[in-house]
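Going down the list, the sequences are from chains X and P.
Using my numbering, the letters of the first sequence map in sequence onto residues 1 to 375.
Using my numbering, the letters of the second sequence map in sequence onto residues 1001 to 1248.
Everything labelled a hint here was simulated from the structure, so no lab data went into it.
By construction, the Cβ of each residue, glycine as well, lies at the ideal position given by its N, Cα and C atoms.
Honestly, I wouldn't trust all of these hints.
What follows is a set of in silico ranges between Cβ atoms, one per label pair, in the way DEER data are often shown [to be verified]:
1. P:1223 with X:343: 26 to 32 Å
2. P:1010 with X:249: 45 to 51 Å
3. X:98 with P:1002: 47 to 53 Å
4. P:1033 with X:355: 31 to 37 Å
5. P:1023 with X:66: 50 to 56 Å
6. P:1242 with X:285: 33 to 39 Å
7. X:274 with P:1242: 56 to 62 Å
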Amino acid sequence: MELAKDISGCGIAGFINTDGERISGVDIVDAITLMKDRGNGLGAGFSAYGIYPDFKEFYALHIMYDDEHARKATEEYLERKVHIEQHGGMPTRPIKKKRPIFFVYFVQPREQSTKGESEEFRIEEADEFIFKLVMFINENIDGAFVISSGKNMGVFKGVGFPDEIANFFRVDEYKAYCWTAHNRFPTNTPGWWGGAHPFSLLGWSVVHNGEISSYGANKRYLEMYGYKCTQKTDTEVVAYLLDLLVRKHGLPMHIVAKIFAPPLWSEIEYMDEKDKELYKALRMVYGGAMLNGPFSIIVGFRGGMFGLNDRIKLRPLIVARKGSNVYMASEESAIRYIADDLDEVYMPKAGEPVIAMLTDEAYEKVYGSKERTYV
Amino acid sequence: MYEIDARGVYYRDLNENIREAIRNHHKDIVLHNVCGQYYIGCGLNDKDVKITINGVPGNDLGAFMNGPTIIVNDDAQDGIGNTMNGGKIVVYGNAGDVVAYSMRGGKIFIEKDVGYRACIHMKAYKEMNPTVVIGGCSGAFMGEYMAGGTLILLGLTRKDDKPLTGVYLATGMHGGKIFIRGGVDERLLWKEAVVVDPTKEEMKKIESEVKEFCNLFKIDYNKVMDKEFVKVVPKSTRPYGHLYIPGP
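Chain X extracted, bound-state conformation (with noise of 0.2 Å):
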C-alpha cells in the first residue's frame, strides 16, 4: 500500500499594483499552483480587477449555466430587466470534464416597464438594482447562478485545480491590476462549480481558507436584508457581508476587520474608554455579522485589496511588498515564486486586516472617476 498524505488546507493568493499598471494572469496562476498540494482538485478560481476597460460604464455579469434551459430563461429576464449593450460565451480552452457553460453580459439598469417593477428596480439606485437582479436570478432560476457582477471585474472558477481552471477560463489572456486567486480542499460542503471561491457581489470578491462556523448565524442575519445564501458554501456569506456593511451601511473597511474578527472580551476590557466603547458596540450591534471559526481571508474589491485574519489567527497569511506592488498568500514560498527581492515580508495579527488600495491616480485612470467607490 502506497503512504499518502493529504496535506489539507485552501490556499489562496493575490497581488494589486497600486499604480494601476495591468498584469497579465500568468503571474497569478503561478503563485497559486505553487500551492497546488494545499487543494485537491475539487475547486479553483480566480477574480480580476480592471480586465474590462472597454465596457468600463457596465455591470459585467459572469453567469455559469446548467443547460440551455437555464441560460434561455436567464436571458429573458435579463431582457426585461436591464440594457445589455453586448454578450457573449466566455472564452475557454477545452477540458477534460463535465463542465457548465459559461456566459457574459455587460449591462446597465433601464427603466421598468410597470409602475410596480420601477418601484422594486430603482434606476437611480444601479448597485442596489443590480444586487437585487442577481438575487433574484441565484434564488429563482434553476441552474443559472451569476459568479460575478462588479464593473471592470470578473470571477473565474470551477471544479479542478487552479492550474487546470487558469487554462479554462484562458486566464492568461486577461490583464488586470489586481488578481486575487483560490486554490479549494473542501470540507464539509461539496466540491461544485459554483461552489469554487472566490464568491463575489458587485465589485466584492473573497477567496478564503478555513471556515465559517458562524454561517448558520450570518446567514439568518444577512437574510433580513435581502441577501440569499444559494452557493452551499460558508464563504458566501463574507462576500454579502461586506456589500452590507461597506455599501449599505457606509463603514469604513478597517472597522468592518473588527466586525469580522472582533477582539475578545478579555482583550476590550484593557483599552482605553474611548476604544472599549467602540468596540463593545461594534461588538453589540453587529454581532450577527461576526466571523466565528479560522479563517484567512483576501478580498478584492474597487480599487484595492484586503487580507484579514480571524481572531485567533487560526490560518496562514502572509504580506509583502515590492515597489507598488503588494503580494499577499497562504504560504511566503507563493510570494517568493513570482517576486523576488520584496522590499518587506509581513505576518499580519490576527484580526488585523492589511489594506492596499490604488493611489488616486490610478483609481481615475482605470475607473474614468475620481470620486472612490467600493463595488
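Put chain P on the given structure of chain X with help from the hints.
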C-alpha cells in the same frame, strides 16, 4: 559538499533526492533555489548530516527529524521542527506559525521573528529536552499547552509599535520553562502561568544558549545580556485537572 538544484522539483522528489544523497554517504548537502517544498529533512536520523537551504523551505521543515543540522539562509514557513526528536535547525530570517510544534528534542535557533503559537505543546522526558531560541518577537499564544523544554525569547527586533509577544501567553502550560528578555506584561499571561525570576542554574543555561545564538548570528553577546530575563512557569502540572471533574 553535495549540491542539489531544487528549482521546480516537487517536494516528494526533492526529499527522495536528499535521502538518496545520504544513502550515498554525503554529509554536507546544499539545496539551491528551494521554494516552498514541504517536509525537508523529515524523519532523517544521521547526526553528521548537514543540510543547507538557500531559498524559502515549505511547511514542516525538519518534522520528526532526529539528528541532522538544517541551516536556512532565508525565511522559513509554518511548522518548523514539528515533533522533532533531535538535531538542530538554524534560521537566518523569520519563521512562521507553530514553530517547534510538539518538539521533543534538539535545538532551534531563529534569528528574527516568529508567528503565532511558538512551541505549542513542546515537551520533554528525561534526557530528551528541547531548546528553542527566538531572536526577534513572537505572536500570541506563545508556549500554548507547553509541557516541557526551554523557550528563550530575546525580542531583539522589538520596536515601540511592535510588541515582544501577544496575548494568551503560556495558555494551558503545564511544564517546561519560558525565559523572556526584558520582562513581560503579566496581563498577557493566562491563568495557568506565573512570572518569576530565573535561578542561578537557569541563568547559566540562558547564558550558554544566548552565546550559541550570538555566535550563529554574529550578534554582540554583552548587548543581549544587558537586560534582565524573567521566567514564565506553570502554576501546576495539571491546569485542567478539575475542569470537568470537581477535585478533592
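For each hint, the structure was consulted:
The hint said 26 to 32 Å for the Cβ distance between residue 1223 (chain P) and residue 343 (chain X), and at roughly 27 Å that hint holds. In this structure, residue 1010 (chain P) and residue 249 (chain X) meet the distance hint of 45 to 51 Å, their C-beta atoms being roughly 47 Å apart. In this structure the supplied range 47 to 53 Å holds for residue 98 (chain X) paired with residue 1002 (chain P), their Cβ-Cβ distance being about 48 Å. At roughly 33 Å, the beta carbons of residue 1033 (chain P) and residue 355 (chain X) sit within the given window of 31 to 37 Å.
Take residue 1023 (chain P) and residue 66 (chain X): their Cβ atoms lie about 54 Å apart, and the range 50 to 56 Å holds. For the pair residue 1242 (chain P) and residue 285 (chain X), the supplied restraint of 33 to 39 Å holds, since their beta-carbon distance comes to about 38 Å. Checked against the hint of 56 to 62 Å, the C-beta distance between residue 274 (chain X) and residue 1242 (chain P) comes to roughly 39 Å, which is inconsistent with it.
Checked against the numbered hints given earlier, the structure breaks only hint 7 and satisfies all the rest.
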